[in-house]
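Q: Given chain E, put chain U in place with the hints provided.
There are 2 protein chains.
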Amino acid sequence: MSSNQPPLSAKLDGLQSSAIRDLLKLTSRAEIISLAGGLPDAALMPRERIAEAAEHALGDAAVLQYTESPGWAPLRAVLVERESRQLGRAVALDEVFVTHGSQQALSLLAEVLLDPGALVVVEDPAYVGALQVFRAAGARIVAVPLDAEGMRVDVLRTMLAGGERPAVVHTVSNFHNPGGVTMSPRRRAELAELADAHGFWVIEDDPYGELWFDSPAPAPVATYSRNVIRLSSASKIIAPTLRVGWMIAPDGVCRAVELLKQGADLCGSALTQQITAELLADDSWFPAHLDTVRATYRTRAEALVRAVRTTFGDRLTCTDASGGMFVWASFTDGTDTAALLPHALEQGVAYVPGAAFAVDTAYPHSMRMCFTTSDAQTLEQAVERLARAHAAGQRANSAHSIQS
Amino acid sequence: MSSNQPPLSAKLDGLQSSAIRDLLKLTSRAEIISLAGGLPDAALMPRERIAEAAEHALGDAAVLQYTESPGWAPLRAVLVERESRQLGRAVALDEVFVTHGSQQALSLLAEVLLDPGALVVVEDPAYVGALQVFRAAGARIVAVPLDAEGMRVDVLRTMLAGGERPAVVHTVSNFHNPGGVTMSPRRRAELAELADAHGFWVIEDDPYGELWFDSPAPAPVATYSRNVIRLSSASKIIAPTLRVGWMIAPDGVCRAVELLKQGADLCGSALTQQITAELLADDSWFPAHLDTVRATYRTRAEALVRAVRTTFGDRLTCTDASGGMFVWASFTDGTDTAALLPHALEQGVAYVPGAAFAVDTAYPHSMRMCFTTSDAQTLEQAVERLARAHAAGQRANSAHSIQS
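Order-wise, the sequence lines are chains E and U. For the first sequence, counting from 1, position 157 maps to 161 in our numbering; every step adds exactly one. For the second sequence, counting from 1, position 116 maps to 120 in our numbering; every step adds exactly one.
Among the hints, a few may not be true.
Copies of one chain are not kept apart here, so a pair can be met inside one copy or by any two copies together.
[Stated by the list, open to error] Calculated cross-link-like contacts (lysine to aspartate or glutamate; reagent style DMTMM-like; alpha-carbon spacing at most 20 Å):
#, residue 1, residue 2
1, Lys15, Glu59
2, Lys15, Asp255
3, Lys15, Glu56
4, Lys15, Glu35
5, Lys15, Glu262
To be clear, the hints were calculated from the coordinates, so they are not data collected in a lab.
If we strip away everything but chain E, and leave its shape as in the complex, we get (with noise of 0.2 Å):
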């Protein structure tokens, strides 16, 4: 019997996996800091309380069975709950769509608001996991630049003047992964009025909202119009192994969502989303648990700030890490952070060159510290490493500068 091993579809020739990834492989040796990662700290995660929820719901044989595509019924409604307080207004049951985390919304999303060649707006740099699908789904993207305002709907609204009818406006309204700034209030009210004005969909990713530290994030873009789908997540807030994300979104959309989870993975897990459920409903106890995340995430996102300004002075700008995960960083002596990448791993630090989230602007002076995984004392180790790898490079380009 010969082999004759069938092809695969010719779609998969463009695919690429995702830069970061690849890069994380390389980068999970001990003796490097990684500030390459995009991890919350699984230290910070309340295991024994998750542990105790999972007693909890596996006392009902209800959470073993299949449950519906929308989710688990009790955490549904916790999830009504919280978003009505977080919108202001009473959101209904059938707005509410758990999915298998913040990822599967956007790519069930993908299929429900996008034809093959529709118009999608991201913000660059952009969330890459957002890019991958877009680009899966045959979209066309543009790019608008963020500031530290967050997206520049100034550039949206003459690309829209110009004629430009996008599908899709995507954005990472609080504590933007990689820019690390959040949209201010006045640029959601102008998002949401031109979404209304040109009937187009926002859709709003905010995994990271509640992970604020000195002032609550702006109200979200959803508070300001209907056509805004709000996505967010418990895997930054309690833990990732939960796999559980939710959409708020118009009736029509979560019927569309759900026609093609059904086919996608039929449902979720009741057992995960009852933990969450728990938890989240929790009030005794979550506020606190959200408090010690804050604050720890917030002496670690200092340490560096100050590590990088002390250290590098003008040299590198950086964001100020007003909550989230990350902090965006800039050379302004001209230094190409993909090229000093080797130097930085010799010299034992990690970080995502700037490079791996571009859409129209490469930027290659650019790069991604990620903040939450080390604490301080790590955290200004690694910017000693990296000052170390500046110099190393700098020397290897004078080098090459005398040589040529």
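A: Relative to the frame of chain E, chain U by itself:
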């Protein structure tokens, strides 16, 4: 601010909710004995053993974090051993990929293996979850009928001789849903030979193989050819809430599925995957657990088949139920099962009419009956009610004949 809700994708127009799901919503009234479901019995799921394993798993913070897209390594190691035994060869780690239930494997494989317009051969009657996925992928679907030996491979051979070139042939090889039959060893060898000769993929969808009653299911189709992608699942042998399915496929297929899974949902739950690993690997418990499930389902299946044969005699033929969860029954007296259903619901019994599983053939006289969630006495009562419904249907028909 005027509302101006954006449209959804045009491709949703062709999508419909599963007829079975919609029917199930109507038949969940407590007084109805439902043979319409497709669920394993929650009372047989090892609730305490799962709780124990959850407690063990949560002793390690690593289960709280994101895990690798191909699955939690300890589970993949357990599956390597298990599937090496099943397939009679050393399965490599890179051939094992864990999915969010078997349904996710189907859905990602449809993307990986099919270009729009590709030909997919399914069995008739068909597993509707597979049909839904292949239709959504834009495949051209051709059906091959089942008989007592499973897929009519001779019909497939004629089709191939006629010049048809399928990209994928999908089969539920063991205890077919809804057909109730198992593919014979001879047919398995023939199907594999055709896959090798003509270079197509076989998806061997095997969630029920372990649920045999008197003797084990034949060796998987995958033992005969490397062009066979084998799917299995923990849903029917442990519990659906784990959302653990797995795929054994060539490395290249697994890597392509990995790329797509990153976009679809990043990864599964290390917690539920570790629970699954512990339970599957527990040789002092798992075989006995499985024996209990088998023995219970066998008693129920026998009771249902006996009641059908005693009550209806030659007017209703049904499969023997040598394993799995379903009996496929067909009226020989011209009774239309879709027309009978309202009478059945009135008498307090539900089933799924054959039409719900139809591809090319309409199956107007057939129905699927699930025996897993009712005890023997209840199943006998269900058949009594079905007989009353059948009599009422006949009276209504003759009244109609007299009137017209």
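Q: The structure should be examined with respect to each hint, and the outcome stated for every one.
A: Verification of the supplied hints:
1. Proximity of Lys15 to Glu59 under the C-alpha cut-off of 20 Å is found in neither arrangement, the shortest distances being 45 Å within a copy and 43 Å between copies.
2. In this homomeric assembly, Lys15 and Asp255 come within 20 Å of each other (Cα to Cα) only across copies, at 18 Å, whereas the closest approach inside a single copy is 32 Å.
3. With identical chains, the CA atoms of Lys15 and Glu56 are never at most 20 Å apart, being 45 Å at best within one copy and 44 Å at best between copies.
4. For a Cα distance limit of 20 Å, the shortest separation of Lys15 from Glu35 qualifies neither inside one copy, at 39 Å, nor across copies, at 50 Å.
5. In this assembly of identical chains, the alpha carbons of Lys15 and Glu262 lie at most 20 Å apart only when taken from different copies (15 Å versus 25 Å within one copy).
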